[in-house]
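Chemist: Please take these sequences and the hints and turn them into a complete structure.
These protein sequence lines are chains G and U, in that order.
Under the working numbering, the first residue of the first sequence is numbered 1, with each subsequent residue one higher.
Under the working numbering, the first residue of the second sequence is numbered 1, with each subsequent residue one higher.
Be careful, since some hints might not be right.
[What the hints assert, rightly or not] In silico negatives: residues of chain U with every beta carbon more than 10 Å from chain G:
(1) ALA58
(2) ILE78
(3) LEU131
(4) VAL156
(5) LEU160
(6) SER229
(7) THR254
[Said to hold, decoys possible] Stretch-level coverage of chain G by chain U, calculated; a stretch enters the list once three of its residues show a Cβ under 8 Å from a Cβ in chain U:
(8) 167-173
(9) 190-196
No lab work stands behind these hints, which were simulated from the structure alone.
We treat Cβ as the ideally placed atom computed from N, Cα and C, and that holds for glycine.
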Amino acid sequence: MRTAYKVIIPIVAIAVIVGSVFAYQYFQTPRQTISINGAGATFPFPLIDKWAAEYHKINPNIQINYQSIGSGGGIRQYTVKTVDFGASDAPLTEQQFANATNTLHIPETIGGVVPTYNLPGTSSGLRFSGEVLANIFLGEITKWNDTQLKTLNPTANLPSQDILVVHRSDGSGTTYVWTNYLSDVSSQWRTTVGKSTSVNWPTGIGGKGNEGVTGVVLQNPYSIGYVEFIYAKNNNLPWGFVQNAVGEFVEPSLQSFTTASSAAAVTLPKGDQSWSSVSIVDSIVNNTQATGAYPITSFTYLLVYKELNVLPSMNQDEAKSLVQFLWWAIHNGQNYSADLAYVPLPQQVVANDEATIRMITFNGQQLYTG
Amino acid sequence: MKNLRKPAFSNNLTSKIRKIFRRRLTGDDAFKLLTMSFASSIFILLGLMIYELVRGSALSIQKFGINFLTGTKWDPAISQVFGAFPLILGTLVTSAIALFIGVPISLGIGLALSEYAPRRFGIVISFLVELLAAIPSVIYGLWGIFILIPFLRNNVYLGLQGILGFVPLFPGPIYGGGVLTSGIILAIMIIPTVSAISRDVFSAVPNAQREAVISLGATKWETAKTVMSYARAGVISAIILGLGRAIGETMAVTMVIGNKFQVLPGSLFDGWYTMAAIIANEFTEATYDLYVNSLVEVGLVLFFIALLNNVLARLVVWRALRLVRGIARE
Chain G
1 MRTAYKVIIP IVAIAVIVGS VFAYQYFQTP RQTISINGAG ATFPFPLIDK
51 WAAEYHKINP NIQINYQSIG SGGGIRQYTV KTVDFGASDA PLTEQQFANA
101 TNTLHIPETI GGVVPTYNLP GTSSGLRFSG EVLANIFLGE ITKWNDTQLK
151 TLNPTANLPS QDILVVHRSD GSGTTYVWTN YLSDVSSQWR TTVGKSTSVN
201 WPTGIGGKGN EGVTGVVLQN PYSIGYVEFI YAKNNNLPWG FVQNAVGEFV
251 EPSLQSFTTA SSAAAVTLPK GDQSWSSVSI VDSIVNNTQA TGAYPITSFT
301 YLLVYKELNV LPSMNQDEAK SLVQFLWWAI HNGQNYSADL AYVPLPQQVV
351 ANDEATIRMI TFNGQQLYTG
Chain U
1 MKNLRKPAFS NNLTSKIRKI FRRRLTGDDA FKLLTMSFAS SIFILLGLMI
51 YELVRGSALS IQKFGINFLT GTKWDPAISQ VFGAFPLILG TLVTSAIALF
101 IGVPISLGIG LALSEYAPRR FGIVISFLVE LLAAIPSVIY GLWGIFILIP
151 FLRNNVYLGL QGILGFVPLF PGPIYGGGVL TSGIILAIMI IPTVSAISRD
201 VFSAVPNAQR EAVISLGATK WETAKTVMSY ARAGVISAII LGLGRAIGET
251 MAVTMVIGNK FQVLPGSLFD GWYTMAAIIA NEFTEATYDL YVNSLVEVGL
301 VLFFIALLNN VLARLVVWRA LRLVRGIARE
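Modeler: See the structure below:
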């Protein structure tokens, strides 16, 4: 026993001394780095991550940490105020907005969802209308040579094969945008399936994540699924053209997403109002003026409290840094979008965001005074 | 005499306490205290787990009651009704398939290593089998998607359907993923557990048993049979541990099962769903309280099934042990 004490006591003593030296230094030196923590949607993660790295180069003392844990998790953490900002692919619902009072919505980038398929002998460019997509995903259209598909694609070689529908099995903003669109174009979809991050799918099998859906589609001839534009682009997947209200069959592209979001941005609410009904899909789906707009387009949002002192860990310096970062993100930050296949914000949206960022205060004091 | 040796309870206690205080606290006592506190922290951990699971699923327990277990609808969007019956069934059936495929192979490995294999070969095989256990399940999933699924679909399933297509288990379209593929992946994943334990219990069978059987003129195969029946308790606990792993396995299954919410799949090639898979899939994007609560309740059900599994295993092992001891005594 004696020998045991001979070992343990010095170890404990050394640990205590070293520990207190570190603690002393920690409390003595003023904390140099300001760290800002966010959590939420996975879709904008590559962009926000890029922003964090670039912003850190310009402001070495500011560290932005973003965890891509999913919109649902992000909203929960944001609501209980364990993170400084949240990120979500869908705006807060009325209920969520009521739970997190004084939330500001800041659309920070735009994404599109595209139908992708595996039809031997056919590359990109198969034409779809909203109604046909809804019918396929409802299981009403079961064969590739269905007359509805043939009418839209008179020249395509459509075989008499069963369509295998592939959807996301995990809850996701991508599914939300997709089902939002199908609900808008099909009353049957709206009343029987609805829109949500996960739904009760009438047909098809589920793949986990964009990569899961892609895997199933690539391995199964005669299948159709939907993925984020970025994913389809980076993996050279064939994609379909989707008919808009003008009647055009629009190819998904950064340009056609920008057109859609510009047309929708005419009627954006103020940053501190409820955004629950904001949806590019909803405002574009019947807009017969929006030439060149791709209908399955969506904002993704940063969520920030209007009065930052509600966050227990927030101080004046951090609040100011957060606001400056947000301002940078919607201006200079947009330059990084196109390279990563995100859509830069159109001017109207930037203007709306600017007004929103100006609303942010700490102890009642406006933080952005540029 | 008896009374003298056994003083009254209170006296005993006070004398014990006095003893403790009189004696210096030695390292032995401290170590005993430490290990005991670690051991009893299991109670606290389990208690907290159950408490959190029940608390986290309060809303759905209130709203759906027993219908949660029997319900066959999972609709987060429109009716917001949640029923876990297909998930429970899916979990149990895929695990059963895994046992059906994995256990014979594992027992074979165990027997080969303990009865037949030369020592060096045995060491290599044991090492490789243990390596299988160290592979993260997401790797199994990726391997499943990119290698196993195309292989099975092109080389196995089509042929299987051709030969056995008239059996109601094998009709319908073949995607590659689905119930059977999940069962196969799970079987591979439980092989390390089941084979390692069964090898150990086979090796632990006293040589006297083998010698006795051989002396009666038994062949090698008959000896192996005796070894297996002697080690029955251990084998059963190995299988149950394997079952536990199969029931709780999440990532690999999620990636290959097709995640199709339905009471019964159309065939072994069709998609299905498991409890662990739906939690992994939907938890991050569950956007309202009832939805989150329902997912936590799925976790609670999974927890109790695992608990039941282990209790059952204990009971079986106890019974079998008593039997074996009985035989040994005779």
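Chemist: Hint by hint, work out which the structure violates, then give me just those numbers in ascending order.
Modeler: 2, 7
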